[in-house]
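Peer 1: For the protein sequence lines, the chains are C and W, in the order given. Using this note's numbering, the letters of the first sequence map in sequence onto residues 1 to 287. Using this note's numbering, the letters of the second sequence map in sequence onto residues 1 to 866.
Heads up, none of these hints are tricks.
Covered, in the sense of this in silico footprint (three residues per stretch, anywhere, with C-beta under 8 Å from a C-beta of chain C), are these stretches of chain W:
no.	region
1	51–62
2	78–87
The following label-pair restraints were derived from C-beta to C-beta distances:
no.	chain 1	residue 1	chain 2	residue 2	range
3	C	Glu234	W	Lys105	36 to 46 Å
4	C	Asp210	W	Lys592	25 to 35 Å
5	W	Ala146	C	Ser284	55 to 65 Å
6	W	Gly389	C	Asp210	27 to 37 Å
7	C	Asp210	W	Asp416	53 to 63 Å
8	W	Ala304	C	Asp210	40 to 50 Å
9	W	Lys592	C	Lys146	33 to 43 Å
The hints are simulated quantities; they were obtained by calculation from the structure and are not laboratory data. No residue lacks a Cβ here, since even glycine has one placed at the ideal position from N, Cα and C.
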Amino acid sequence: MCYFNKSMSWKSLLCVLMFCCGSLMAQRNIRVSYAFLYKRDTTEKNFRAEMDMRLDYNWKESWFYSEGRYLRDSLCVKAFDKSGNIADQDAYNEAIRHRGTTDLWRVDFQDASYGISYKAIKKIFIGEKGSLELPLWNLLDSDTTKTFAGYAVKKAEAEYMGRKWTVWYTEEVPVNAGPWLLWGCPGLIVYAIDSEKLFNFYIRDIGTFDEPRWPEGMKAYARACEVERLSVKEEEKIKTRASRNMDYFNELTGYSGAIGEVRNKDGSVTRIQYMKYQPLIAESYWK
Amino acid sequence: MRLRLLSLVILLLLPLLCTAQGAVEIRGSVSDSKTGEPLAGAFVSVYKSSKVLGYSMTGEDGSFVVKPAGTAVPDTAIVTLMGYASRKTAITDPSKFLTIKLVPKKAELRASKVTSSVIEEKGDTTKYSAAAFSDGNERNIGELLAKLPGLSVTESGGIRVDGQNINKFYVEGMDLMGARYGTVVKNLTPDKISSVEVYRRHQPVKALAGIVVTDKSAVNIILKESSKGTWLFSGGAALGAPRFPIFNFRAMVSRFSSSRQNLYLLKGNNIGNDILQELREQEYFGRASGKAYVLRESLEPDFATPLTPTLSPLQLPKEFWYANTSGVASLNSLRKTKGDMLVRTTLSAAAERYSEDTFTSERVNFPDGEVLTIDERTEVLDRKLFMTGSAELEKNAGKAYFSDKLGFSGQLRDNDLDITREEPAGEHRDLPSFKVDNLLSSIIRLSDRKALDISSDTKYFRNEGQADFKFGQSAFRQDYTISRFDSRNSARFDAKAGKQVFHFTAGINLTGSAIESNLTGLEPRGISAGARTRVWHFAPRAAVSTDRSIGRSKLDLSIPASLNYVGVSEGVNMFYPLVSPSISLSGPLTGKLDYSLIGRFSLSRSQDESLHRAAVARTYRVLAIPDSLMRSKSLETTAFLKYSNNVALFYATLTSSYDKSFSDMTSSAFYYDRFSVSSFVPAVTAHDLFSVNGNVKKYIGLRALVIEARAGILLSSYESQLQGVMEGFRDRSLNAGLTLRSNPWDWISAEVKTDGTSLVSSFSRQSRTDRLTCDMTLAVMPSKRMSLLTDCYLSWYSLAGKKTANPPLISSEAVWKLDKFSLYLRCMNILGADELKMDAVSAFQSFHSSRKLLGRRVLAGVRMSL
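Assemble the whole structure, with the sequences as input and the hints as a guide.
Peer 2: Put into structure tokens, the structure is as follows:
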């Protein structure tokens, strides 16, 4: 059987090829690296930094997480046996080299929902089924030729989850995602900062991925942990309180270690009970 | 009446109801502009005066419904979807169904140039941003890789990480070329790559992951998004004069995706580019022993015989002296099947015509104070045709690994020498060779802690050599043919117990060699001039090795041993054991400081061919007699320290080694009549070798200034017989070098590389030679489209206090970059220097030579990369 007859011109063939290419591109999964700078309080001068945050986006959902933490969790599966003893010293040595925030953000664009996971040592609080709010972006400076990280970018502003965000997005990467829970611009968000200058995200690298890490990665994330599922509001409330009050954190986790204790030069120990902390979702948002 | 009243109320409330309903819904569909197919997953947002009011995603049928928030009526819809250009559509009538067609457009996911950190370390992986180290003048990725910290690139494209050969070279995670990856390194252009990943302690076999740890590294080239999976072309052509035509051309078509890779290359030149080097097999994963020593002019080590001619390479850029006409064609393909099986096929052919013109004054210092001086002018013409190919199947799964590689190589070579001295002499060699080999490896992961590795490396080669020598009125002929079958088979069991890993190996080597030589027309006194030797070698072997984690360090202990039975036709059969235990301790001392200590003892013998009991005329005036399975004992110790600070961009290495070896045979040189006979005599002698080498490298602003300083000392002592008298020789070599590279602004880039060596060779008398070389490169880019490059090479030699300075060797190139291609004009050896004078010493000999150089030439051409 001849699949190509005279009526099928080279243009038709080209169309078929382009469709195939187009379909492939449409299904592409992208992984974007972001730097996440934050302050615990407006009085702090300098930003603290998480330099290897990742956004995994597959057009249906996105996951935002720390690469270091992901590697640590994955290696810990290999490093420890079921009873919690070290089974693989090499994996353990490797695992402890990686650090990063334990927070995990997920957006489901089809369900218009989002979730946040907070891991406090051996306890995980999974905030689920938050209703995904559309940031009502005001697109600004649409004709400027500003570039960021090599991409032509445009500016947008919106009130979102209790904070006023200014973002720069690029139409060169036509996906509606961005760092953390920011989304909805007509292009990838490459830079974001809030009006109080407490939080700042910027792009560091961009690529694709074949093997999705999530939700399979949750197994390593939740390994040997007690999981509690609740609403996002409850999860944020617990996280904020635990991040500010050391006693509450210890009570929550049942941890009796030296977290919150600082050894002075004279050998005495000062116990820090309260700490500064600002959640990404403003507390006012929940009121 | 009631009905009228109700109607009035409804009419009055109708506008209110409409308002309360929340304005309108925007409905529409999104499809591909070319095919008309509906597009699912497109993000549709609607705006009123640039303020977003609502959004939706298209369903499987491409349709969408957006319900804007509030009462405002949207005036614009923007649709975005990966793989398509964003589309902005005006909403003139909100109730109208929108039909939006998206135009396919490939999104370029390029890495950030502004904010990305240039070196990222994650565990054993270090990722370098390519752009950060490039000054834009590199012609292949090899030149770029050489600028990365810890990496060096050999002339044939071999990559070393921290001085050690890599075990895998990937592009986009796939190994297209196997051990001949030099072709990619020397031909892929840097504008196609985004970053370079270096995997330290890389285990290429998934089934051995977590069980067997290696100390080798691998390199992975990450391409730019726009270069992934698409056909790439790079190439160029140039013509020049004098001696029209001088030419240089290259065309490479390649495609690198994660499931299929191809590389087709055709190149040739007669301007001094030694392109055959690229086809050389590098030490690589698969053949554990690697290639110990490869003659520079030999593409296949197994093709080397006593008749292989020795050429005289110079340590200066080849465009000044390498008189060649070369061509290379290479077809390579790698495909991943549905079952994740990799099918790799390669076929390469090369041809070269090479010539040398050298005057040498050789001075032989005898122990009794006599001096023999041989002055001769040698004109060499070497022609070779080389072909190699292989087909390989490989499956690298988590539970099992399998690979089988079947290869062949063939070479036709002839070599002519015209020698002018008191009595004219000449040599002509015909050296055809052929080889087939098969490498089979099968690894099974038995559990998380155990694995079984079965491998078989079998080869057969045949080298036929015929050399005709003329000296004065006499003429003689040397024939030398060797056929060899070699099969090395082994099974290794790996077991991990806690922090310790054990490896048990059992194997058997079977070798059969047939050597036949005949010297006709010459009858050396008391030496056999022809023989036919057959050697069978049967060697069962076993090895036990273990490695254990001690804190963050790793202790390796290995005891390989073999029993060897060698049967010789018309000779005495032999039976002997060989053993080479080794111990090493390595690991990080701190986060930035690594160390390794290695100790190795070995009891070894020379190759089976050395049992051939006949003299072979290697040149018209050298007869060589083999060493008859010389037995050696050696002890090698090495200490290595490495400091890497990727924040301060400071790197340092210090290597020290001491080797002591004893042999039961000693080399002997005997000059008589017009010949010298090189042979071995039974006498136990010792050979000591001590070396210390250090290297520091500091990047200031990555490209603004790179300073690299190196220094080393080498002390060696050995004994050898000269004219029947045992002599002790001592060599002391000092070397130091400094490289400064600077690219402070985009418009200028410079590199100065200076190296100095001082060698003192002594026995009853002392000879000393010094060498100082300076290689300078300056690149000026007055505009984005233009660059001017100048290379200058200077060298000085000194022998016994007599100094020789060579004229500067200068080349210059002007490049004009256009959108799709660049034009260039290159003038080589601008000053027209016609010879290079050199001095060298070696044991009891000293040499003063002068080599004819390639003269001034001008070349104009075009380069392009699409």
